[in-house]
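Undergrad: These are the residues of each chain, in order.
2 protein chains.
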Amino acid sequence: MSKLVIVGTVAFDAVETPFGKTDKILGGSASYIGLSASQFEVDSAIVSVVGGDFPQAYLDLFSERDIDISSVEMIKEGKTFFWSGRYHNDMNSRDTLATELNVLENFQPIVPKTYQDASILVLGNLHPFVQSSVLDQMTNASTLVILDTMNFWMDNALEPLIEVIKRVDVITINDEEARQLTGEHSLVKAAQKIHAMGPEYVVIKKGEHGALLFNHANVFCAPALPLESVFDPTGAGDTFAGGFAGFLAQSENISFENMKKAVIYGSTLASFCVEKFGTERLESLRPEEISARLKAFKELTQFEIELTN
Amino acid sequence: MSKLVIVGTVAFDAVETPFGKTDKILGGSASYIGLSASQFEVDSAIVSVVGGDFPQAYLDLFSERDIDISSVEMIKEGKTFFWSGRYHNDMNSRDTLATELNVLENFQPIVPKTYQDASILVLGNLHPFVQSSVLDQMTNASTLVILDTMNFWMDNALEPLIEVIKRVDVITINDEEARQLTGEHSLVKAAQKIHAMGPEYVVIKKGEHGALLFNHANVFCAPALPLESVFDPTGAGDTFAGGFAGFLAQSENISFENMKKAVIYGSTLASFCVEKFGTERLESLRPEEISARLKAFKELTQFEIELTN
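Listed in order, the protein sequences are those of chains H and U. With the numbering used here, the residue at position 259 of the first sequence is 259, and numbering never jumps. With the numbering used here, the residue at position 30 of the second sequence is 30, and numbering never jumps.
Treat each hint with caution, since some may be false.
Each pair may be met inside one copy or between any two copies, as identical chains are not told apart.
Stated by the list, open to error - Keeping only pairs whose Cα atoms sit at most 27 Å apart, straight-line, the calculated DSS-like set for lysine-lysine is:
1. 276 x 79
2. 193 x 206
3. 206 x 295
4. 295 x 166
Derived by calculation from the structure, the hints in this document are not laboratory data.
Modelling step: build the complete structure from the supplied sequences, incorporating the hints.
TA: Quick look at the structure:
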């Protein structure tokens, strides 16, 4: 089996949406990426850090899904990274109510030796310096590196972020972030500029409008599944990245045609993520539910037009 | 050949975009719908009104494309409907600078006898009372009626608009208008409410994010072609409706599967419309260009996933 290593946050989230609010629940980029990728046949590991307040039950959740958590460092005297946010009525924007870095402040990820040659590395949302230090530890030039980042780093650490972007194969980024990073309103032009910065593949996530995959002249567009309601969008982007990476790792094929399928898997998993608070829906997700939704994606997008001229 | 009758405005537009501005050029919902539909093998007619100031050259443009304009009334002493607008930098919003109804103010469309039993009627953007009076003239219960409308009528003539909506088979509406009409943010819920108002088919246009086709439980999603730049969005929605209607009329098939294709044709034609000012691009459009772009749409959206479970 292919090896997939995920470096990101494992955290507590507290979320408020028009539908309700949660206490501290499981959150963090690596949690969503890991749970999503665990739907595929891969050997995966999470590299992260938590505090002494982090429940064993959450760690068990990963272990039960065969995710290697031996590199999730626990700092007994520290507290787990905490984020809290409130979504607006349209669910497209949110206010951050609290960000407590805690043990994340001095996080120095160490990629376990057995994963330094992984087929795929996913760099979840973290300081670009930390992401760079992970890249330095990888030993296999053919590792496919997938980077996820956020506007926060564009505002606060643009130069180191650009240095990381140079070194990755795939970047996943949302539409507003792509525009901010490049100064281009057109997503086609934004993708071209990001290509020029390094990545061969650019995935632009558009939330309820789906996702675009660019590989220079090749473009693929996946819709989001039209949903009656989005219950909690937290983690949808990370869940997308996890499904994308998990499928690629399982299929051991990084052609553009296969990346298209990976985008559909990513979108499919993200469509589940938003149905309940936090990771709840991902935790209960069964393979036959994924199959049924892939079928819905096919019906939603496939058409037959005979091209004659 | 199937008959397609289009009732809407034939107008002068003056448009300002970040790329430049135009003097008075050919505009109006029926102009875009007609030019777009003329790409298909149909007998089509426009029912509209213009003033004595309307150039013969524009009328010739329709005739050369075999569009019957015998029911485009010319009021010699009147002036043609004029609209002027300025697009913002993001091209997603615009300010109306001028709306001069002129001859449109007393427009009482008369559907020619030979078109009263048309296969398809497209009701372009007009006062709902006027749209209703057109419906009263139709004699064939199996005519497929496609309605396009705007938020302006929701603000100013909601009750008569609802009366028209009751009587149509297909409504094309943009996302913000669907939300306004139904009070639902979710487009899935909005489509359900619009179904309950009458139309069997609901097409929600999302601009750069494509279009959704709803027929109760059946949903289809067409992306917009990712474009480097949108030069002038004026008429894109009408061009979509024209391509949609033209394809349906030509194929004489109103199954959901065929409507999916019609949405793709509509999106394809709209993707040309926005490349130049006004109707300019539609006027020069050749069948082989349409074929090439349909191919691009296929490549953009089609994927192969084997469903095993």
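Undergrad: Each hint should be assessed against the structure and marked as holding or not.
TA: Going down the list of hints, with the structure as the test:
For a Cα distance limit of 27 Å, the shortest separation of residue 276 from residue 79 inside one copy, 26 Å, qualifies, whereas the shortest one across copies, 58 Å, does not. Taking the shortest Cα distances, residue 193 and residue 206 sit within 27 Å of each other both inside one copy (18 Å) and across copies (25 Å). In the homo-oligomer, the alpha carbons of residue 206 and residue 295 lie at most 27 Å apart both inside one protomer (21 Å) and across protomers (24 Å), since each shortest distance falls under that limit. With identical chains, the CA atoms of residue 295 and residue 166 are never at most 27 Å apart, being 37 Å at best within one copy and 33 Å at best between copies.
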